[in-house]
Amino acid sequence: MAEASGAIHLALVGNPNCGKTSLFNALTGSRQKVANYAGVTVERKAGVFSTPSGRKVHILDLPGTYSLRARSPDEVVTRDAVLGKLQGEDPIDAFVCVADATNLRLMLRLVLELKQVNRPIILVLNMSDIAQSRGIRIDSERLSRELGVAVVPAVAVKKGGTEALLEQIDTLSPVSSPVASNWQEPDSSQVRNSHRIVERLLRECVDMPEEHHNWTDRIDRVLLHPVAGVLILLAVLFLMFQAVFSWATPLMDMITLGFDSLAGVIQQYMPEGMLRSLLVDGIIAGVGGVLVFLPQIMILFLFIILLEDFGYMARAAFLMDRIMGRAGLHGRSFIPLLSSFACAIPGIMGTRVINNWRDRLVTILVAPLMTCSARIPVYTLIIAAFIPKAKVGVFELQGLVMFGLYGAGIVSALVVAGIVRKLFWRGESEAFIMELPEYKVPDVSNVVRGVLQRAKIFLRRAGTIILSMMILIWFLSSVPSAPADATDPAINYSLAGMIGHTLEPLLAPIGFNWQIAIALIVGMAAREVAVGALGTIYAIGSEEHMAGALGGLLSAQWSLATALSFLAWYIFAPQCASTLAVVRRETNSIRWPLVMFGYMFALAYMASFLVYHLTVFLGG
Amino acid sequence: MIYEDLTECSSVSLGQGRVGLSGVVAAIDTSQCPGQVESDLERMLLEIGLIEGTPVEITHEGPFGRDPIAVRVGNMRVALRRREACAVQIYLNEEN
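Those protein sequence lines, which keep their order, are chains A and B.
Here this note's numbering is used: the first residue of the first sequence is 1, the next is one more, and so on.
Here this note's numbering is used: the first residue of the second sequence is 1001, the next is one more, and so on.
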């Protein structure tokens, strides 16, 4: 064993679904950091660990890929990191290639490509226990000789399953002077050639049992069945929704209660003034209003990560691809769009599973059209105040309207996606080629770690971008403060109030008055804040009976046309600062949030205009 | 295994196959795809293992319009749309 000196930089490279992340977790434990790579929106997972001999190892978990030839942003990162061209990253001393021992072929081909980079390679045959139980015998010594790289078996999800790898890492020495890479993008004949070499290697070094009937095929017979498969998918979705909306409620209530009592304490002990207002109405109300979604987001990601690790996500994408494809979306867009029913933020964060940039961008752009849970308070308020409690056949009219609003969101998302595709990226249709991985029992610690990482990312965002947005909106709605002899609520004298009055002529054609205009601006903080704002503007004192009282007041003050127009507006509701901020972050450009705001504003305006005038015409 | 001696046999397109169709990849020819496809479709197919000589079998069809299809490629499973699968020419196994 070589002396263990000097920290070493490794990168994990492998195909998607090879168990790379569990190996990464096994090696680094909790000593890992998830962030973005500098300047791009690809997730960077880095960790530190020490080998038994005490050597410090920095390790980077690169996005899964089949080739160094990069197509998606993820693959560009992998390629650049491998070639040492990634800005702000230390050069990599050696690659740890992770292969699924039951399915070596594609990884061996990638190893051949990687060898051209001229760095030491350790090939890890992960899940070697499963391979063994299936009777797959791998002559790793011969494979190592033929490939010219070290080969070690590993079982990432078992304790001590990485010992051989750690020993091998101890023998590495840091690259003193970087060796020039000979890698060039392979053309198709070179890909064919490398496959031939792999074919020979597999013949010589791997003994595969003839027929293996495994669980994956049996499960697929049910889960990919044209009828049963779709029904199960619907059941899974139903369960997921149920969980997101009902399991989260007690936790959400607790968070709301916590923030309310915090605000109460501050109100009690702090003298009235700007600072108190900033704390209570700006920071606590604003961050509380966003943090309240944390339980939903965690439950949502629990489902998503479980389904992903089990191997079901690829199946869901398979089942839904046709429907999504009609609208110019990708099968993989399905789950992020689904998440957006809770909140567009996790949905947009979830689009990272889509490799292709255009597919991902279209999905991001339409995600906020899914009716997020923040719209529910607005819908409930207006529906309760304006839609009579009548029955249409066996259905409640109010329920039907709610259902219609959800439906309108979904249909418009599909239509917008289709139009974006037809109008801007005509003819550029992306291929849908995806491995259907073997089913695996999710590893509990990997799942827990994944959920906590998502929660942390969300909290970091709530703590930075969202918080600053909240403060800005608070500033607009409280500065300048009302004159001493003010008769109207203070917000009318604020910048938001002025903007509201200025916007009124613009919004008059769709039946909105200046009060609504203010509510829309304040609603930038979070859509449901608009309800609270209407309460403030119409000067309804206490929060408790606000919903009921406000409903009554609105039904007296607004015409039916205005109310319906307001509902139509909220199907699109461009004003959600957090979503726009996250889009800015995920697309790494100011352009896309502007495009999103623009098109949603236009749609909201048109829809409200039509609804308003149609209702007036029909005598509303 | 590479079935180079079978080049005289006629081949069919994977993209038009139904569940149960099985054979061996004869050639990747992206000009067979309807409409405009990505320029590097050939390499994408090769990289996921659809290479001449690989045994393939259609195992599932999508629930809507029988598209996409799930294909067993060697000992892997791959989902792809029929449009792209049209680039994959296969020699049929005898039992078809």
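Watch out, some of these pointers could steer you wrong.
Footprint (simulated), chain A over chain B, 3 or more residues, beta carbon under 8 Å [to be verified]:
#1 1015–1023
#2 1031–1043
#3 1048–1062
To be clear, the hints were calculated from the coordinates, so they are not data collected in a lab.
For glycine and all other residues, C-beta sits at the position ideal for the given N, C-alpha and C.
Practice task
Tell me, in ascending order, the numbers of any earlier hints that this structure violates.
Solution key: 1
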